[in-house]
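Listed below are the residues making up each chain.
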Amino acid sequence: MPFYVEFIDNVAVWHLDDNKNLFNSVTVREMNRCLDEIEANPHVTCMISIGYGKNYSQGLDLLTLSQMATQAVHATLTLAFKVIARVLTFPLPTIAAINGHSYGAGAFLAICHDYRIMREDRGYMCFPEAKLGVHFGFPVLIEMIKQRIPLANQSIAILSMELSGTEACKYGLVHETSNIDELLMTAQDAAKRIVGRNNLDRDNLKKIKSSIFSSVVNSKYEIMEDVERHKLFKTVRSKL
Amino acid sequence: GFIKLYYILQKKLTAKMPFSVEKRGRIAILRMNEGENRLNYYSVKSILKCLDEIESDPEVTAMVSIGQDKHYSLGLDLDWIGENMIENPQLTSQFTMDLSTLYYRLITFPIPTVAAINGHAYGAGTFIALAHDMLIMREERGYFCLPEAKLNLPFRSEMTRVMVRKRIPLSIQSTSLLSYPFPAKEALKYGIIHGHSPMSNLLEMCVSQAERLSGKGEGLNRENLRKIKMSVFDWATLAYTEDR
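Sequences listed follow chains A and B, in order. Residue numbers for the first sequence, in the numbering used here: 1 to 240. Residue numbers for the second sequence, in the numbering used here: 1 to 244.
Among the clues, some could well be false.
Claimed, not checked - Computed from the model, here is a short list of chain B residues facing chain A with C-beta under 7 Å:
1) P18
2) V21
3) P112
4) S174
5) S197
6) S200
7) G215
8) G217
9) E218
10) L225
11) M230
As the list claims (entries may be wrong) - Dumping the calculated DSBU-like pairs for lysine-lysine here, alpha-carbon to alpha-carbon at most 35 Å:
12) A:K239 to B:K150
13) B:K4 to A:K170
14) A:K207 to B:K216
15) B:K189 to A:K231
16) A:K20 to B:K45
17) B:K227 to A:K131
18) A:K220 to A:K20
19) B:K4 to A:K146
20) B:K227 to A:K231
21) A:K231 to A:K146
No lab work stands behind these hints, which were simulated from the structure alone. Just so it is clear, CB atoms sit at the ideal spot from N, CA and C, and this is done for glycine as well.
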């Protein structure tokens, strides 16, 4: 299974091991299944997500999406962004161990974790929408930008800058950097620090997160802009 | 011969103008060369015209703005406002609207913008800087300051108030309202600016950041970038509408 959960000392490590870890209708179902599995385990006190190799997640599966009908695209995107929003209000502390590239939806997934550690020497975090000539499309993504990216650095993020671990840390998109060999261990240490001796009630934590990030929770999943996305899909298909 | 002379003359005239645009490859440099770069009806109109010039050039992929010598901009031309407030109320109120327009245009500019804060940025000068995407300041001299409190002045427009709320990091907003003068190192530490550089390298650093933001070839699609900025910075549209 490319997406799977490993339980280590009451910490759920969510492995994203599907090469580029792209979001499509199949993978999104897998991601939700993993999150269900984590939530169903009463002993888990924290969730760490980690990719494999060069990629944390390169975002939406443009190739597959470009071959789908409009309504199916919209439905898939809705599910993809709902998974990300689910992480934002997850009833457990969440830590992203960003081992490599986090692009587009992959970057949104990363920044929706409570605490983020990124590989310092390789891999970029990037919101490529401006570079690709498309809009974010869904109001929920705009809300995530507003709620998760420090005010003074929102401009930089939306200009599609490819941010190294050090830069992402400097601009407040991630909290720490680490060399790749120690990444999971650093995340596990962070988990210990963050969980401490607390025994956080899950329902209450979910309520708390949902109330603070209510603008994301209450966002609509109607698409704002579609014209550019069609053009992008055309470009993707033409490269086949 | 004659055409060359005409061209040279044009260049000389433009160089003498206090607010002008210079191109370095794909990057447009908005030069503010009027001493303290104080803002009055005429200087704001000039800057807006420069923005028109930049926007109408399809080759430009990013913009850097820079002041002169000790000053980026010291803000409002209080002398001019004092002289004209009662005698020319229409002119003064047009100036106020134009200034809001300037902030709004910069915030939603369809190309990336970098402020090379070569010296003091005070009051309206800080808001011009804050309206840019990226702020890089001269390291060794100059302060970034909101002097309204110490001058016993309020923030008159919703546009300026919302820029404090939405462009200055939450944790340092209160301190900035106390007219605290931030030198570059502190402005960077608190996340108000994104980088600093010795004066000798400031423009180069800003141009190279602008190049980086331009990406490859023709740069970011402008219409799309404008739409993105207007979505994420929707607060600017609300404030601008309120000020009208």
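Okay, the hints, checked on the actual structure:
{"no.": "1", "hint": "P18", "verdict": "27 Å, violated"}
{"no.": "2", "hint": "V21", "verdict": "21 Å, violated"}
{"no.": "3", "hint": "P112", "verdict": "5 Å, holds"}
{"no.": "4", "hint": "S174", "verdict": "14 Å, violated"}
{"no.": "5", "hint": "S197", "verdict": "15 Å, violated"}
{"no.": "6", "hint": "S200", "verdict": "23 Å, violated"}
{"no.": "7", "hint": "G215", "verdict": "6 Å, holds"}
{"no.": "8", "hint": "G217", "verdict": "11 Å, violated"}
{"no.": "9", "hint": "E218", "verdict": "11 Å, violated"}
{"no.": "10", "hint": "L225", "verdict": "5 Å, holds"}
{"no.": "11", "hint": "M230", "verdict": "10 Å, violated"}
{"no.": "12", "hint": "A:K239 to B:K150", "verdict": "60 Å, violated"}
{"no.": "13", "hint": "B:K4 to A:K170", "verdict": "49 Å, violated"}
{"no.": "14", "hint": "A:K207 to B:K216", "verdict": "45 Å, violated"}
{"no.": "15", "hint": "B:K189 to A:K231", "verdict": "42 Å, violated"}
{"no.": "16", "hint": "A:K20 to B:K45", "verdict": "50 Å, violated"}
{"no.": "17", "hint": "B:K227 to A:K131", "verdict": "13 Å, holds"}
{"no.": "18", "hint": "A:K220 to A:K20", "verdict": "28 Å, holds"}
{"no.": "19", "hint": "B:K4 to A:K146", "verdict": "52 Å, violated"}
{"no.": "20", "hint": "B:K227 to A:K231", "verdict": "16 Å, holds"}
{"no.": "21", "hint": "A:K231 to A:K146", "verdict": "27 Å, holds"}
When each numbered hint is compared with the structure, violations occur for hints 1, 2, 4, 5, 6, 8, 9, 11, 12, 13, 14, 15, 16, 19.
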